[in-house]
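Novice: Sequence:
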Amino acid sequence: MFEILHFRGSEEILKEKNLSNDVHATMQYVDDVLAGALYKRELLRMALEEMDWTQDADFMRIIEGRRYMYKGVKRGVAIDGNISAYEYILEGMVRLQLGYDKQRIDAGILLINSKRSDKSPFGTTADLIKMEIENLYPTIHLPVAVVLLNTGDPILFDEEGNPNGVSVPQDDNPAIEKAAG
Numbered sequence: 001m002f003e004i005l006h007f008r009g010s011e012e013i014l015k016e017k018n019l020s021n022d023v024h025a026t027m028q029y030v031d032d033v034l035a036g037a038l039y040k041r042e043l044l045r046m047a048l049e050e051m052d053w054t055q056d057a058d059f060m061r062i063i064e065g066r067r068y069m070y071k072g073v074k075r076g077v078a079i080d081g082n083i084s085a086y087e088y089i090l091e092g093m094v095r096l097q098l099g100y101d102k103q104r105i106d107a108g109i110l111l112i113n114s115k116r117s118d119k120s121p122f123g124t125t126a127d128l129i130k131m132e133i134e135n136l137y138p139t140i141h142l143p144v145a146v147v148l149l150n151t152g153d154p155i156l157f158d159e160e161g162n163p164n165g166v167s168v169p170q171d172d173n174p175a176i177e178k179a180a181g
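Numbering (this note's numbering), first residue to last: 1 to 181.
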């Protein structure tokens, strides 16, 4: 499941660039592809490439002469993020801001993991994002959409192909009952 939060006119910029539906479809696809996946980085890259987000280094480079690159770029909108840790929000916002200040992008999309501790005193992840985006102004002032992703726990299989290592008890296996009956 995912949620898109818009800040500083990002929704209007996506509409002007005819990217509103594209962004929603891309995030739905990313969400579907990453659900239950163990190795998400490569799957994210492939999903963005399949949805035609540029993977060309010249368009994706954040700072000339450096290896820092966005996850994808389309029509002046860059996607960046790290879906492993919520704390990436600060680094991701700085990376997008650099591209915006250098007039390489018109807006950004930041992918963030929405899963945080239930014991957090800061409320929901969406509430925390809203508070942090406001607190970062005026230093970080670009139009940005923050996508909160919850891809769930990885699905692991045991030697017998059972998900998350859960073996089916012999007594509850209908195939064994039919064979015995």
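None of these hints come from the bench; they were simulated from the model.
Warning: the hint list may mix true and false statements.
[Unchecked claim] Derived DSS-like pairs: lysine-lysine, alpha-carbon spacing no greater than 27 angstroms straight-line:
1. K102 with K119
2. K17 with K74
3. K74 with K119
4. K102 with K115
5. K17 with K115
6. K17 with K119
7. K15 with K119
[Said to hold, decoys possible] Label-pair distances were calculated between CB atoms; the ranges are:
8. A35 with E159: 20 to 26 angstroms
9. D127 with M46: 20 to 26 angstroms
10. A25 with T124: 22 to 28 angstroms
11. D158 with V94: 56 to 62 angstroms
C-beta atoms are modelled at their ideal positions from N, C-alpha and C, and glycine is treated no differently.
Novice: Look at each hint and say if it fits the structure.
Specialist: Results of checking the hints against the structure:
Between K102 and K119 the alpha-carbon distance is near 40 angstroms, which puts this suggested pair outside the 27 angstroms criterion. Straight-line distance between C-alpha atoms of K17 and K74 comes to about 9 angstroms, which keeps the hinted pair within the 27 angstroms bound. Proximity of K74 to K119 is assessed by CA-CA distance (about 38 angstroms); at most 27 angstroms being required, the pair is judged violated. In summary, the hint linking K102 to K115 is not supported, as the alpha carbons are separated by about 32 angstroms, beyond the 27 angstroms threshold.
Distance check on the hinted pair: K17 and K115 sit about 31 angstroms apart at the alpha-carbon level, beyond 27 angstroms; violated. Distance hint between K17 and K119 is unfulfilled; the C-alpha atoms sit about 40 angstroms from each other, more than 27 angstroms. At roughly 37 angstroms between alpha-carbon atoms, K15 and K119 are farther apart than 27 angstroms, so this suggested pair is violated. Evaluation of the 20 to 26 angstroms hint for A35 and E159 yields a pass: the beta carbon distance comes to about 23 angstroms.
For the pair D127 and M46, the supplied restraint of 20 to 26 angstroms is violated, since their beta-carbon distance comes to about 32 angstroms. Take A25 and T124: their Cβ atoms lie about 25 angstroms apart, and the range 22 to 28 angstroms holds. Against the hinted window of 56 to 62 angstroms, the Cβ-Cβ separation of D158 and V94 comes to about 42 angstroms, which falls outside the hint.
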